Amino acid sequence: MSISVPDVLHHARLTGIGGYRPERVVPNSEIVDAIDSSDEWIQDRSGIASRHKAAPDESVVDMAEHASRGALQYAGLSADQVGAVIVATVSHPYQTPAAAPELAARLDSRAPAFDISAACAGYCHGISVANDMVRVGTAEHVLVVGVEKMLDFTDPTDRGSAFIFGDGAGAAIVSRSETPGIGPTVWGSDGEQKHLIAQRDSWMTLAGDRALPWPAIVMEGPSVFRWAVWSMAKEAQRALDAAGITAQDLAAFIPHQANLRIINQMVKALGLHQDLPVARDIVTTANTSAASVPLAMERMLREGEVQPGGLALQIGFGAGLTWAAQVVTLP
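Residues 52 to 382 (our numbering) make up the sequence shown, in order.
Simulated pairs of lysine-lysine, DSBU-like, Cα-Cα distance not exceeding 30 Å:
(1) Lys319 <-> Lys285
(2) Lys319 <-> Lys245
(3) Lys245 <-> Lys285
By construction, these hints were calculated from the structure, which means they are not laboratory data. Bear in mind the structure is a predicted one, so any value in this text is a computation, not a measurement.
Use the sequences and the hints to build the structure in full.
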């Protein structure tokens, strides 16, 4: 006797998007003294002018809830219509339980819920997983959240990383569709280079030294820059090829917000038209890791920089090393 499975795969697309940026804005001027630096040096090196910082009692789940409610409203859905909840994060301060089940409960949902740990590529990983779930019929609507409270995991005295990160959350709804709205995902990992972006300390090390409340995340900036510019531009091109389109077909490019120079170099490497809308939210949000791509997409749509229905190339890349890219139809 054989197992019954659907004979036809469904299509999937994004139907909702939401974002949340904490109220407090931290300009470079507040962090330069601790690293003997200047606003000019930070902006020249990274493009970052400011970042949002979550309140001390504001959790990863709090931020995820704000973004999720926005995405549900955008899609015109209630939480009980969501068939699964996926949260991409590396800054939820608990090994277990995951953030996703708590988020689902706050939304009054008992849907299956789980976390993904793929750092800055986590959201794009989540979109791929949600796309597959919808296509095979596991769920009709999936909530995908990228959320980080990165400033809890930042050493304010580390010159190479103190200015890099910010806090925030972005969420999307992946739903069944009559036409394809999410292209094939191009993704991978390179664990041999895990040292390029990593926690400096383990939890066990910190057990005997509580100078920092959480393990600080640091990076080897020059090496990360070279890897991101040359390797990730090729992966982005592969995503275009997999979707069967060219750069001229795009309505937007939404890369992970790691560094303004990286973004500009990727634009050149891909041969993107100078008038194409490109997310450069890093200037005011810094690197929000898994939240950066959906946060940028939400802003671009809300401000009218891009219109629903166009094609966007999105790519996330970071610690692991991990990466994922796909072409999506804007919700």
